[in-house]
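Make a model of the complete structure from these sequences and hints.
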Amino acid sequence: MARSVSARAEDKVSARQKRVPLAEALDAQRINRLAHFDVPAHKGGRGNPELTEYLGERAMAMDVNSMKPLDNLGHPVSVIRQAHELTAEAFGSDDAFFMVNGTTSAVQAMIMSTVKSGDEIILPRNVHRSAINALVVSGAVPVYINPGIDRKLGIPLGMSVADVRKAVAEHPSAKAILVNNPTYYGICSNIEEIVRIAHEAGMLVLADEAHGTHFYFHEELPVSAMAAGCDMSAASIHKTGGSLTQSSVLLTRRPVNPDYVRQVITLTQSTSASYLLLSSLDIARRNLFFRGRQMYQKTMDFADYARGEINELGGYHAFGPELVNGDTVFAFDRTKLSVHTRDIGLAGIEVYDYLRDDYGIQIEFGDIGNLLAIISCGDRMMDVERLISALEEIKRLREKSPIGLFDHEYIDPVIAMPPQEAFFAKKRRVAMKDSTGLIAGEFVMSYPPGIPIVAPGERITPDTLEHILFAKEKGCFMTGTEDMSLDYINVLA
Amino acid sequence: MQPELWYTDEHTDTVRFSMKTTEQIAAKKSAVQQIDILDTIAYGRVLILDGELMITEKDEFIYHEMLSHVAMAVHPHVKNVLVIGGGDGGTVRELVKYRSIESIDLVEVDKDVVVLARKFLPFVSSKLKDRRVSVWFEEGLRYVRGKKSEYDLIIVDSPDPYGPAEGLFTREFYGTCYKALRDDGILINQHESPFYAAHQRSVRDAHRHIVVEFPVSTVYQAHIPSYPSGHWLFGFASKKYHPIGNLDEARWNKLRIPTRYYNTALHRGAFALPTYVQEILKEEEVLRS
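Protein sequences appear in the order of chains D and C.
Mind the numbering: the first sequence is residues 1 to 493 in our numbering, read in order.
Mind the numbering: the second sequence is residues 1 to 289 in our numbering, read in order.
A couple of the hints might just be wrong.
To be verified - In silico DMTMM-like pairs for lysine to aspartate or glutamate, Cα to Cα no more than 20 Å straight-line: (1) D:K12 x D:E89; (2) C:K148 x D:E89; (3) C:K282 x D:D358; (4) C:K147 x D:E89; (5) C:K147 x D:E399.
I should point out that these hints are in silico values taken from the structure, not numbers from a laboratory.
Okay, structure coming up:
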């Protein structure tokens, strides 16, 4: 009896999830031959034939402004609201919000709706710049946890439970803890335990799931933020879930007040949200609900195969679940194909460049010691074979002695003042090489991964300077400073 | 009146080549591609992969002879050969004519091609049973990856580089072939046609990638009526031997290998390229240097 009740309930969920209310409404409006006297001026493409030729008529016809049958992202009451509800159901959250300014805006909305100027927030230092940007905007004060580093691989890890406990004890008035779930390299902290610690201390847990959308759809993947009991999560559906670039969702759980969150989102979100992005989220959600498991099974199979083959080549180390240590690497995301390149005497960024320039293979990023290839169900076996063979060729033709490759350590930031104060303070420009000991007024990072080497308000140490200069010399794409060539940095006057 | 059935091979988006057919012999959706075998009036039995014409009973001898004998007349002691693609068996049929060859590894990604060829294309597949032949069903790129200095001759007998054979026109593939060859090894590849723009792109890409890996690298040509434009190229890349300088006509002619297209006089002529083809190759070589 109980079984049939639950089976019936499942059927109901499945029937609901088959709908794409926003996409359906958009499609209905596309064929209803409305005479448009509203923006956008291209009016279904007719006003810009060159762009229509370039993007296709269908895409242009979908590019409309919000109107009665299509709801309004800033005040959703009909189809967008329904799409939000279905998203919340699919991800196991209480509420969900479509975001059109990237996951950056979702991370910022999480932070800005939970911490105010002067409030403390606990976070690992290897967060994405969007999180520290939110501190610049909100005036919140970071309490950084050293995420630790894998000595051999040179990659930052997750937060240890003991460190979180210590930070919570030392900063009892902190409002929230931000957790990467996972990091860019696929490493997860013990998020369930962190939630327990935080909730006991009356703090909220915010998850940056920019690289974790898929966790919601396969039981062999690390636990998702919502399943772990987090209060909010920024999930980048466009990165691993199949929606269009720049679209994302913010997931929340009660008692987080969804109406207040919506107000915070509308502070900075476009009032002309793109329906191409919104409908892509709606359709991606349905696809994830029905085919997500199968998609991520295929992704894991590809990644596992590639890891095995790359490790057979020798020299490279395609690391995986064996890193799991019960604490700072509580879980590993097997869909991530990260390869340590230091032992063949090449920086990850050098291998990245060879792959693209000599072999026509574009990967996600290379940093000092590693490269990261994003594997998805959109891959084909022959492309996976190409990547493996190209790595073998690069090793055969370019292998060097690893001596002299920078061995970087986690650099414990010296926080001289909160990011907001530093960002808006009076500054002066000095040569990067002469910046040791001064307080940075801006970010320095390689992008991707977009994790700041220096953030506003931090003192520049000889170690950070060495890291910046080495990354620049190896050809990392360095960003953040006003000076586009990164020869100069703004420091506090 | 019986309806007429025609098979059309799209040579380009705007150029078509059609043959009147009498019967569909086989149609199979394999794990890799769609395989069709038809009987035609002018070209006999034909093999079609993903809608594209691969070989015809009438003119396959030109393709397979040119893929096989050119290197065999240059390299003085070929013992171990690797054929990548070519699951129909045509290239193997030419190679087994040499008693000096000790082993032939045939690597075909699609098992169904071999199964259907054995059943319906005996004119090419007849020698796949030769005791020296081992057939491996694997991705070509993956098979070569593990090999080092094992082969005297590698022949890349692939379809066009859009689809399952894409990986066989890449620099990483030619590089791994270089590694799999002995110090005096030769790589021969199906090199597309220089005539239409889309095929010419493949000619350019392949040449640009091969030139950086092999000290000796050039192309030669043949006239294959059923292929787009009829003008077809083959790549000759080698670690040591020159295709003309090291051609040993007397040795090859003494072997009395039966052929219908290839002979040693044609061998010399095949390397005499039209001016526009020379220019295409030169442009890619300059790009790389």
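Okay, the hints, checked on the actual structure:
1. Taking the CA atoms of K12 (chain D) and E89 (chain D), the gap is near 12 Å; set against the 20 Å cutoff, the hint holds.
2. This hinted pair does not check out: K148 (chain C) and E89 (chain D) have alpha carbons roughly 54 Å apart, beyond 20 Å.
3. Between K282 (chain C) and D358 (chain D) the CA atoms are separated by roughly 19 Å; this keeps the pair inside 20 Å, and the hint holds.
4. Taken as a hint, the K147 (chain C) and E89 (chain D) pair is broken in the structure, with Cα atoms around 51 Å apart against an allowance of 20 Å.
5. At most 20 Å may separate the alpha-carbon atoms for a hinted pair to count; K147 (chain C) and E399 (chain D) meet this at roughly 18 Å.
Violation of the numbered hints given earlier is confined to hints 2, 4; the remaining hints are satisfied by the structure.
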